[in-house]
Amino acid sequence: MSAPGLPELALGAAAAWALLALALLALRTRAWGRRTLHAPPAGDAAAGARYAFTKGMLPQAKESVRTHLLSYAAGVVFHTGVFAAFGLLAASLAGVAPGSAPVRIGGAVAVAGALAGLGLLGKRVASPVLRGLSSPDDYVANLLTTSFATLAAVATFLPAAREAWLVAGAALLLYVPVGKIRHCLLFFPARYELGRFLGRRGTFPPAAGREA
Amino acid sequence: MTVPAPAALESRIAALTDADLARGFDAFRSKLSAAEVSYLGACVRCGLCAESCHYFKASPELENVPARKLDHVAAAFRRHATTAGRLLPGLVGARSFDREMVRAWVDAVFGRCSLCGRCSINCTVGIALPRVFRAARAALASMGLVPDDLQATVDNSLAHGNNMAITKADWVETVQWLEEELQAETGDPEARIPLDKKGAKYLFTVNPREPKFFPLSLQASAKVFWAAKEDWTLSSDPGWDLTNYGLFSCNDEQAGAITRNLVDAMERLECETLVIGECGHGYGAARWEGPEWLRGSYPFPVRSVLELMDEYLATGRIAVDPSRNPKAVTLHDPCNLVRHGGVREPQRRVLRRAASTFVEMAPHGEESFCCGGGGGQLAMAAYKDRRIASGGVKAKQIRETGAPVVVAPCHNCIDQLMELNKEYKLGVQIRTVAEVLADAIVPGPREEGGACPRP
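Protein chains in written order, with this note's numbering: chain A, 1 to 212; chain B, 1 to 455.
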């Protein structure tokens, strides 16, 4: 294996930064503490949390998703594509041959993710409400992840694109703890706490057959 | 876009000093735990929450999107409590907690939100927005920025023991009058509406709107207890009013003081269980938030009267004839009772037994839309137009059921529904669960002399 070049070193440094900063974010968030509750529970907080991470995320449990299935699907594909791009990155750094079947499949998923990301970006630009909701962070975060997924796919058949892909990965990782991509961490405690809150109150999970 | 606050608040906002602002933000921070901090950092502004909000559905503008309301609060948090917000405010949308921001908070959390929580269950991330908005309201409360009419309701409770400043003499007289009415209705001269009965099993609490405007509602509850031969009582002193607008002003100290009335009444009368009448926020305040405000568990259980009614029917303590309610009924789900309270099925079981036809609204239960009257909106005149407009969503739901009777186990919701009935020309009758049940009751055999023995 040859010595790592500048793009690999930049990527490694960015990954270390992202991991360290996210770990710090997790610790700082945790440091705000958990409220001690005195009202006796009416339901099971743990069951509520389990529901929140499973059925509670499906279209049948969410009107917002049922009525925006295309956006929901685009979001799922976008996230899957980004994860696939990170998988390809790990494979590339591990020396897996670009032409292998798993890499090609990963590339296809990354392409789909990139297209979904572009679609969501287009929606954000086109919708006055979404435009109004957005800060520069929303555009930067999308462009970084979409570029990363796109270059991941391109690099599977165009080795010359690999360096650009690594640089895009480094830029993305540098940005992860700064802006909205922090939700890759905060999503978990947020959803967990919502599930526990409504579980304790007997709202989550809805009793069998009660789902809308 | 900055929306001016109600006039009385606007002058107070203009007079805020930097020290006031710092105190307000400290109050906000003091209400945050790791859960709320996660919520504040997790929104991806996907906008899918928009149509889950009745304000947005009625008026699809940016400021009505739940994520936008959250962002006003989160932007200040980012600016003052995150490194990225301090170093790169323009990039991450961080904004200072200044007078403009205070205006935005007032408009977002008092003027455009009923704390119904429908956005929470529809959030793709899972952000409990009302928990954050309650912290924001608490910050505004600490700066004296609770709308005056909402605060007046709290002040009434603190000064008089009930939110409508009803005197003890008027309350007792009303109860005695209703007892006579109950005796006339049931034909049972022994029928009672007990006051201050020490050691009763249940201390029953009501919304002051009942003695003031809807006495037949209280009489209906009393008839249910009479038919079930229940051992219950009301309190003549503070502790009979179940409402607590501290839940909406978010001054936890004042909310705790109002809750203390209930606890003191329970101790004074040595009752076993505190029963909350038909009221969404009253149930939420007493059952869920009260112990947190008082920082300790109650030495007694709290139940909704809906659960008791359901039990009476399930165990055969009350017999009903649904043909006595021949018109189709539909049910409104108060947010604080159902989505935030977990009491969803008892009222449905009661109505299925007590009415000939029960029709669900679509959607209902946890996904039900707020009527628009929650979150203290009924007490804030400055936002009346928005309240009535946002209630259009509920009015449409009601109309689509085709039911001529709307049941709402909450007197705040009933007030709003009555306004919607008039505004949207629904032509429906609005009732409590107890009123429907009371009409369906088939009196069972009673002991000699009509006495109501303790079961």
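Read the hints as simulated data drawn from the structure, not as lab findings.
Using N, Cα and C, we set each Cβ at its ideal position, and we do this for glycine too.
Where hints are given, some of them may not hold.
Claimed, not checked - Straight-line Cα separation of at most 30 angstroms, DSS-like style, residue types lysine-lysine; simulated pairs:
#1 B/K396 - A/K55
#2 B/K168 - B/K197
#3 B/K396 - B/K425
#4 B/K212 - B/K425
#5 B/K229 - A/K55
#6 B/K57 - A/K123
#7 B/K384 - B/K31
#8 B/K425 - B/K197
#9 B/K229 - B/K212
As the list claims (entries may be wrong) - Residues from chain A that keep clear of chain B, each with C-beta distances beyond 10 angstroms, as calculated:
#10 W17
#11 L93
#12 L121
#13 L133
#14 A190
Stated by the list, open to error - What the simulated footprint calls covered on chain A by chain B, stretch by stretch (three residues with Cβ under 8 angstroms from a Cβ of chain B suffice, anywhere in the stretch; the number is not a length):
#15 6 to 12
#16 38 to 46
query: Looking back at the hints listed earlier, which ones does the structure fail to meet?
result: 5, 8, 13, 14, 15
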